[in-house]
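Chemist: When the letters of the sequence shown are read in order and numbered with the numbering used here, they come out as residues 9 to 330.
These are calculated hints, taken from the structure and not from any lab test.
Even for Gly, the Cβ is constructed at its ideal location relative to N, Cα and C.
The list that follows gives simulated cross-link-like pairs (lysine-lysine, DSS-like), each with its CA atoms no further than 25 angstroms apart:
# : residue 1 : residue 2
1 : Lys39     : Lys81
2 : Lys37     : Lys81
3 : Lys81     : Lys94
With beta-carbon atoms standing in for the labels, derived distance ranges:
# : residue 1 : residue 2 : range
4 : Arg140    : Glu318    : 46 to 54 angstroms
5 : Arg36     : His129    : 37 to 45 angstroms
6 : Gly153    : Arg36     : 49 to 57 angstroms
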Amino acid sequence: MTLLDVDGLEKHFTVDSGFLSGLLGETRKLKAVDGIDFSVDEGEAFTLVGESGCGKSTAVLSALRHQHPTAGKVRFKGQEIEMYSKRELRSEAQLIYQDQQDTLNPKMSVGEAIAEAIRFHDIVPDSEVDARVDELLDRVGISPGDKYQEPSAFSGGQKQRIAIARALAVEPSLLVADEPVSGLDVSVQAQILNRLMDLQEEFGLGLIYVTHNLGIARKISDTIGVMYLGRIVEYGDVDDIFENPQHPYTQALLSANPIPDPSVDRDRMVLEGSMPDPIDVDETGCPFAPRCPDATAECETADMGLEPFEGDETHLVDCIHR
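Start from the sequences, fold in the hints, and give me the full structure.
Modeler: Written out as structure tokens, the structure is:
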């Protein structure tokens, strides 16, 4: 079953151009998300990957109505997402953020934080809440006896485990993990990711993972969307995209990704410049053209959108040369 179906999602911000421009009524538009499509099925792990500032976090927050989108249609379990109340949607789709210091109440024990979510959404009778808290903590690798501790007593990795337990407490059908292991030691990252993957499989959850790390994207994903300046430029099965990347931006990202085997030689594709400010991007043409080694004059005006690569409906590319 398709949990989340996103069609033509846009999120624009109006940017103040200065005092004089404000007096003259002149404004500029920042297209943080510029007409993207994606879907997530029950039990599927979908990753949005791209550089910082590409719009991947904004896309997810807008799709799930944590931010109001500018345009686009979103369906959740076959219904228009507007049909869900905020409480219903928060129960169905839970977010796990990068920094749990901002989401865990420092004066509330972690057990109380999890119990609060259970009670708010009426998951189990009040008499069973404490046992449910113990079960959830145990599932994520935290001793139930530590439930009386406040967040400051835990390491960063432990806080992420607690955040996962709290997200699972409301029995969602979709988890959204936004850079949840960024900043943690590599060994801790692996532990958290393995636990998250095990729990996703155990509960049959849909998962949206947001990251800039291609290694993590390959490890955790079934499907992947590569974002650049608010657009998905390549979309499809994760193995297909990693083994047969078609968009020049995807190729450049992968060429810069470290290979564990030192005997493997791979050409490095070096891009010119850096990702521009989204405000300064031309309205027409491919936004990647100024940095693309394959760019031609046609790229400056073409607006292709995602199309099947060589007729393969499961591998989509936004490039006129593919």
